[in-house]
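J.: Single-letter residue listing:
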Amino acid sequence: MFDERQRQLRDRAFRLGLGLLIGGLVVVFGAGLVLGHSLFQRQFDLGAMLVLLPATVVNCDLIWHAAYLKPNRKHTILFWLGLAGLLNLVVLAQRLWWEWQGQYGRPLWIHGQLTSAMTALVAPLCLGAIGLVALAQWWRERRLNRPV
Amino acid sequence: MRQTFDERQQQLQHRGYTVAFGVLATSLLLASNAELFILHPLFATQALLVGVPLVLVIGGLISYFAAVDAYLTPQLTRTMPMLAGFFGLALIDHGYEMVSDWRQGFSDPVWAHGQLQQGSLDWAVLLVWLALTLTLAIKCTREHYWHRLGITRLHWLMLAGWGGLLVLTLWVRANVATVHTPVRTTVENYVLMILPLVMLHQLDQTHKRWPLVLSWGWFSLMAYLQLFH
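In order, the protein sequence lines correspond to chains P and R.
Residue numbers for the first sequence follow numbering that gives the first Met the number 0, beginning at 0 and rising by one.
Residue numbers for the second sequence follow numbering that gives the first Met the number 0, beginning at 0 and rising by one.
So that you can see chain P by itself, here it is in the shape it has in the complex (with noise of 0.2 angstroms):
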């Protein structure tokens, strides 16, 4: 179970996420009725984006303020979570040095639209940091990932 400070956390952060998922939603409406179409160009890519932002933001705070493990789970975890995302980032910078070199990359924004290329820009990016934030806090908490 999770102890009494890291549920407060817990509580802060969905609060926030849905702060900004409802922050979210506001602006694609709003972007709708101001640009006078939609903001996206596929309607899966608008549920991809909306809910992938405020979960890495919500997932970030959590492992940050090591309310995302129970306190029996070992740290482990964070170290392989930290791998995954710089591989992600890895796997993005080389497919971003292919697309420039072959010059073969599709555009983010097009007709005042934002395309699927957007959202697996964004994915990967979203997964690094989530990573970035494991790994930092695995360094961070070292000492508790020794056997005693």
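Since the hints were made in silico from the structure, they are not lab data.
Source: prediction; values computed, not measured.
Just to be clear, a hint being listed does not mean it is correct.
[Claimed, not checked] Label pairs and their in silico Cβ distance ranges: (1) P/Trp-99 x R/Leu-88: 57 to 63 angstroms; (2) R/Glu-6 x P/Gln-112: 43 to 49 angstroms; (3) R/Pro-108 x P/Leu-85: 48 to 54 angstroms; (4) P/Arg-4 x R/Gly-216: 50 to 56 angstroms; (5) P/Gln-112 x R/Gln-9: 39 to 45 angstroms; (6) P/Phe-1 x R/Leu-224: 54 to 60 angstroms.
A virtual CB, placed ideally from N, CA and C, is assigned to each residue, including glycine.
With chain P's structure known, arrange chain R on it following the hints.
T.: Positioned in the frame of chain P, the structure of chain R alone reads:
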């Protein structure tokens, strides 16, 4: 007087926000990923994809708070019957619009071409007003809050005057005025006209002179505009 939620209410609210976050995120993911299974977007427009889950989740959250007594601060609990009335009016207004649209044959469809259409948002809003009204009405009946409206004989007289003025305005607008206004618009304006006075009566305020002056000024201005413009 400082208005604050007590400890129990704060805990319930925190839990409500957490659950709402989960529900909203999940429903958005499901709604936007439905495309993968039905091979075309589930909602006719992206505004609907945004609007329908938002309306349902926020409405559900407020209803939940109302049901567990975490919606109003303890100092404001006595305004609950008035709020129930407001939500009831909104419900009637929205329902009236939907019914009259339907009778004139231009109500929006809920489902067409395998997609949710504009009508789904109308129904979502109706559902939310209904949930809020029912929750607050049941709460008021159970906890015996209705008498807290505190309507005296003087208030009944004033309400009768307001009603008479409304009838007079409706008659003037139907028979004398050159520009004809829909009945619904006039009624809505009359509700807006008396709103500050009703709210002021419900609040526990010691210094009421200036708010009262402003509310009566608003009332007179609206009455003048309704009758002569």
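J.: Each hint needs a verdict: does it hold in this structure or not?
T.: Against the structure, the hints come out as follows:
1. Between P/Trp-99 and R/Leu-88 the C-beta distance comes to about 60 angstroms, which sits within the given range of 57 to 63 angstroms.
2. R/Glu-6 and P/Gln-112 have their C-beta atoms about 47 angstroms apart, which keeps the hinted 43 to 49 angstroms range intact.
3. For R/Pro-108 and P/Leu-85, the hinted distance range of 48 to 54 angstroms is satisfied, since their beta carbons lie about 50 angstroms from each other.
4. Judged by the Cβ atoms, the range 50 to 56 angstroms given for P/Arg-4 and R/Gly-216 holds: they are separated by roughly 53 angstroms.
5. In this structure the hint that P/Gln-112 and R/Gln-9 lie 39 to 45 angstroms apart at CB holds, the actual value being about 42 angstroms.
6. Against the hinted window of 54 to 60 angstroms, the Cβ-Cβ separation of P/Phe-1 and R/Leu-224 comes to about 58 angstroms, which satisfies the hint.
Hint compliance for this structure: every hint is met.
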